[in-house]
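Chemist: Make the full structure from the sequences, and use the hints.
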Amino acid sequence: MASVRTWGPGLLMVSPSILLIGFFVYGLIGWSLNISTTNQNSRFERAPGTSPDAHIGLGNYATLFSDPSFIASLKHLGILAVVYIVGALFFGMLWALLLEKGVRGEALFRNVYLFPMAVSMFASGVVWNWLLNSDTGKGASGLNQLFDMVGLGFLKNHWWVSSPTWGIAAIALPAIWQLSGYIMALFLAGFRGIPSELREAARIDGASEFQLYRLVLFPQLSPIALSALIILGHMSLKMFDIIMAISGEKNVYTSVPMVTMWTLTGQQDFARAAAVAMILLVLVALLVVPYLVHNARQERNS
Amino acid sequence: MTTETIPAPAPSVAHRKSKKTPRAQTARTVKYLLLIVFLLVVLIPAYVLLVTSFKSFSEALGPNRWALPSGLSFEGWTAAWSELSPALGRTLLLAIPGAMISSMLGAMNGFVLSRWRFPGANLVFTLMLFGMFIPYQAVMVPLLEFLPMTGLQPGVPQLLAVHIVYGIPICTLIFRNYFQTIIPKELIESGKVDGAGLLRTFRSLILPLSVPGFVVTMIWQFTSIWNDYLFAVFLSNKDNGPVILGLANLAGSQIVPYPEVFAGALIVTAPTLLVYIILGRWFVGGLMAGAVKS
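These protein sequence lines are chains A and B, in that order.
Position 134 of the first sequence, counting from 1, maps to 861 under this note's numbering, and the rest follow consecutively.
Position 8 of the second sequence, counting from 1, maps to 11 under this note's numbering, and the rest follow consecutively.
Everything labelled a hint here was simulated from the structure, so no lab data went into it.
Remember, it's a predicted structure, so these values are computed and weren't measured experimentally.
One or more of the hints may lead you astray.
[Unchecked claim] Stretch by stretch, here's where chain B covers chain A in the computed footprint (C-beta under 8 Å, at least three residues):
hint : segment
1    : 798–807
2    : 880–890
[To be verified] Okay, the calculated bits of chain A under chain B, using three or more residues with CB under 8 Å as the criterion:
hint : segment
3    : 733–745
4    : 967–974
5    : 994–1007
[Claimed, not checked] With the Cβ distance kept under 10 Å, some of the chain B side facing chain A (calculated, not the full set):
hint : residue
6    : Leu-91
7    : Arg-93
8    : Leu-96
9    : Val-165
10   : Gly-255
Ideal placement from N, C-alpha and C gives every residue a C-beta, glycine not left out.
Modeler: Spelled out as structure tokens, the structure:
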């Protein structure tokens, strides 16, 4: 049994970080939770004669969930997340498949596919605001004009202003552009990590190319697919920069809780802002906590 | 992580393809065609940025928005530079120390949590990792209240504190994975028998081996601090915050002067893109660390 004198200094070395994370992550989450149950709404919203620090239980949450615009923003978030995750997984996987056996100029393709990851989401949002111009008529610009130029005019659409429910899916486009290369890199590393004997053995056993992928290679990639899913999932719940850059804060077509939280903060409605943040946190936790527990268990077993 | 993050395919597999049937030939052509089409599609936003940034304000509003500029105009670039340049120094002052300090803390944590463990080390690690995934909105309202209480000035000092703290989890993860791969347990154990203390082991044995880990965490942190918009917009403004808020200010005007905004976007993107081009290999290393277990 190791004694305190051996491991004590280790704990001491980590203690600054434990204290910082303890306070800035867990402490502040608790603080947020507390604010979200108070009356700290903007002056106009607060019931007359009540103190801003009075606790009102889950009142702010009730207000949010009875507000159709908040419900709409949650729906938007769901659509955005699904389109984004499916899109990025699809292109990431496709590019990895195209590249995994090694092609001439692989480094070029790989580096170009991955480069959007180095660009700030806000800066890319600025370009996508131009690309996703909603005009489809004679004065069309952005992608719509490009579609006309290359004979794909039927693809023209109003992007994020096309529908109050589904328009948000257009916002996933820049995000897919940004993250697909990353997903490709993950899968590519996965493919390359599979021992080549496994392929050889499957070929000798007479497996067709299709069977090789479905029965031998893809199962090997499932841990990576899980990681990719978690990464994309939690990123979709953090999309803020892109929306602020493309459609802006006040746009009802692309409202999501991340933006609502910013608007409420600007209105000094701190209690409701904190409540929105807590809802986001719960969504992320539902996704991430099982994953972290799963990982920790797996590590203990190995 | 130290050399090639994505290794080349095994040669035996690549060479098998040398005997070419007509069908394989077609498949190959389709593959390259697809690769090139995707390459062009991915580059579309880069083309738009570059081309438009060199147009005059009036040409950018003209009918041929996809055409090359009729003549080089630096109208946009000069306007963007005069707006953004004051913030560039501030952003460096934020991103470089932020990256260094988080990396150092990450190296210390990563070492202890992988090779100088204490009871409960796994729990501490998992609890730290959670901090990497939280939506930072969940701590934002209290931060707005707490940071002024610390006496830190708004702008760079407050943002620096925030970025250091929230950078700890990812740096810890990267270093922990890294040390687990490159430092044999036995090496530390034998040192312990010889009576080498923690600090001496860390300083004279671990730190010299940590350079590749530092490259990865520094790049990762630098890029995320440089590109951060969320903390920036909540905790600072365009006169005391990072350059991204200057860009947001340009993009937020009623009639967007595209050459200026796009030149601005290129100025903001340049440092991280440069890092990616020069140190791409390590950049990818940081990306992988979060997802691929060692």
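Chemist: Let's test the interface hint: is any C-beta of chain A closer than 10 Å to that of Val-165/B?
Modeler: For Val-165/B, the interface hint holds, since the closest Cβ of chain A sits about 8 Å away, which is under 10 Å.
Chemist: Please verify the coverage claim for the segment 733–745 of chain A: does it have three or more residues whose C-beta sits within 8 Å of some C-beta in chain B?
Modeler: Holds, because 11 residues of the segment 733–745 of chain A bring their Cβ atoms closer than 8 Å to Cβ atoms of chain B.
Chemist: Are there three or more residues in the segment 798–807 of chain A whose C-beta lies closer than 8 Å to some C-beta of chain B?
Modeler: Check failed, 0 qualifying residues.
Chemist: So, Leu-91/B near chain A? Judge it on the closest CB pair being under 10 Å.
Modeler: violated, 14 Å
Chemist: Identify whether the interface hint at Gly-255/B stands, where standing means a beta carbon of chain A within less than 10 Å of its own.
Modeler: Given a least distance of 8 Å, the restraint on Gly-255/B holds.
Chemist: Check, residue by residue, whether the segment 967–974 of chain A contains three or more positions whose beta-carbon lies closer than 8 Å to a beta-carbon of chain B, and give the verdict.
Modeler: holds (count 4)
Chemist: Report holds or violated for chain B covering the segment 994–1007 of chain A, Cβ cut-off 8 Å, minimum 3 residues.
Modeler: holds (count 7)
Chemist: Does the segment 880–890 of chain A contain three or more residues whose Cβ lies closer than 8 Å to a Cβ of chain B?
Modeler: Answer violated; 0 residues pass the 8 Å Cβ test.
Chemist: Holds or violated: the hint that Leu-96/B contacts chain A, with Cβ atoms closer than 10 Å.
Modeler: Violated: closest Cβ of chain A sits about 18 Å from Leu-96/B, beyond 10 Å.
Chemist: Tell me if Arg-93/B is really an interface residue toward chain A, meaning its C-beta lies closer than 10 Å to one of theirs.
Modeler: Interface hint status for Arg-93/B: violated (16 Å vs cutoff 10 Å).
In this structure, the hints that do not hold are numbers 1, 2, 6, 7, 8, in rising order.
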